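**Q** If you want the building blocks of each chain, they are given just below.
2 protein chains.
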Amino acid sequence: MPHKKPLILITNDDGINAPGIRTLIKLMNTLGDVCVVAPDSPQSGMGHAITINDTLYCERIKVAEDQPQEEYSCSGTPADCVKIAVNEILKRKPDLCVSGINHGSNSSINVIYSGTMSAAVEAGTQGIPSIGFSLLDYSLEANFKPSEKYITQIVEECLKNGLPAGVVLNVNIPKISEKEIKGIKVCRQANGHWSEEFDKRTNPLGRDYYWLTGKFVNEDKGEDTDEWALENGYVSVVPVQFDLTAHHAIKDINNWEL
Amino acid sequence: MPHKKPLILITNDDGINAPGIRTLIKLMNTLGDVCVVAPDSPQSGMGHAITINDTLYCERIKVAEDQPQEEYSCSGTPADCVKIAVNEILKRKPDLCVSGINHGSNSSINVIYSGTMSAAVEAGTQGIPSIGFSLLDYSLEANFKPSEKYITQIVEECLKNGLPAGVVLNVNIPKISEKEIKGIKVCRQANGHWSEEFDKRTNPLGRDYYWLTGKFVNEDKGEDTDEWALENGYVSVVPVQFDLTAHHAIKDINNWEL
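If you read the sequences in order, they're chains X and R. Residue 0 is where the first sequence starts when you use numbering that gives the first Met the number 0, and the numbers rise one by one after that. Residue 0 is where the second sequence starts when you use numbering that gives the first Met the number 0, and the numbers rise one by one after that.
It should be emphasised that the hints constitute simulated quantities derived from the structure, not laboratory data. Only a predicted model underlies this, so the values are computations on that prediction, with no experimental measurement involved. Mixed in with the good hints there might be a few duds.
For identical chains, the list gives no copy identity; a pair is met inside one copy or between any two copies.
In silico DSS-like links for lysine-lysine, alpha-carbon gap of 25 Å or less [said to hold, decoys possible]:
{"#": "1", "residue 1": "Lys199", "residue 2": "Lys90"}
{"#": "2", "residue 1": "Lys214", "residue 2": "Lys90"}
{"#": "3", "residue 1": "Lys199", "residue 2": "Lys92"}
Full structure from sequences and hints, please.
**A** In structure tokens, the structure reads:
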């Protein structure tokens, strides 16, 4: 029995010192041997960016002296962290990769912009069962306590059952008290998009610049969606795939004169 | 008849001066009114990154005096370019967004790392029919001539037929001569992944750093895939969706004890 305890890789996109990842490390230390490889600075909105035209630094650090996990701080994106962890740092393929806990929602279309989920997807492409966790609270002082029991439960079930090939999980947790959370719902991604407004300003040298602002628009009233679950007090679990083929559309396009 | 000619938005991830986008502009000028909003510098491997913690510049420039298109150079990512084009620059929603021609492949799993495709997907989320084009040649001196007739044909068909909601196209073109290209195949995304190797070096100050290198591994021998089409002399067209839900996995996960 060389590997009695599961090997769990942890990363995130808010940076290695963010409260969300510290909570996730604490929880995972009770379930397995933990190795943390996380960005040295916040990487929100990085999507599935990777570092191909620049150097990568990745150094062992010790954030908390009294905790058992190995920790590495990496200059790259969340997807870079997974690549370097799997190929340079870990001696064997991890049994699980968990990413987060993100400070802010990755429900609905947010999944495509999410560094947290890109790390989970990257691990998925390497054949590693993988889960991204997000709390619907952008604050650095977010209360992660109500999330803890659900995260532990989902990770335990994932370690027990595994995940279908080509599938990772996108877990979002509503910003409500432990008592108010009604349970967990397996959902589909709600059909929504961002409606942008740009805040146009002029810099001290007279040059115009913009801040990206915007609001999320949910066009999807389905009760089987992550948005519905979160609005109604449930933790949402969406199985996410990285085969992006719209299989249903192949027939349509085959009718074109190509 | 206020809009006789279609309004076509063009962007890319190799930057506004790359030969690939200049070819695409030339072709689109024969099909519609063209507005270019593209990154001021190369953005390869940016995935669906967006700029949320930094300012965005976006300025009108004139690259080619003798051409009719409007052009804007943007400091952001490909996804930023689409957002700012649609919400700040264009007076109406474009009839089509085309991204590319990328210098290098975006077939198979490369789609998730691709700035070219993230721009197309971003436009898709805004309800705009959208296509990303890539040539399997990373060179700045790539020969885009054999691509031209296929790009024109695909764009004409897309303008005529539209695209199903939630679907954009990922078009890849093999690096072979016009005579050798056998035609166009509508495909699914091949199941492949990147196997990384990190090139570890030491900088002049004695600190270790890494270059990300790796090779693409195609596990998928299916003859209905983009990889098969490209290897066999076809232009590949994959319909891509941004509903990432693995619908087939919902039942599995519902069997967990959650």
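**Q** Each of the hints needs a verdict: does it hold here or not?
**A** Here is how each hint holds up against the structure:
Taking CA atoms no more than 25 Å apart as the test, Lys199 paired with Lys90 passes between copies only; the shortest distance there is 17 Å, against 50 Å inside one copy. Taking identical chains as interchangeable, the C-alpha atoms of Lys214 and Lys90 lie at most 25 Å apart only when they sit on different chains, with a minimum of 20 Å there against 44 Å within one chain. Taking the shortest Cα distances, Lys199 and Lys92 sit within 25 Å of each other only across copies (20 Å), while inside one copy they are farther apart (47 Å).
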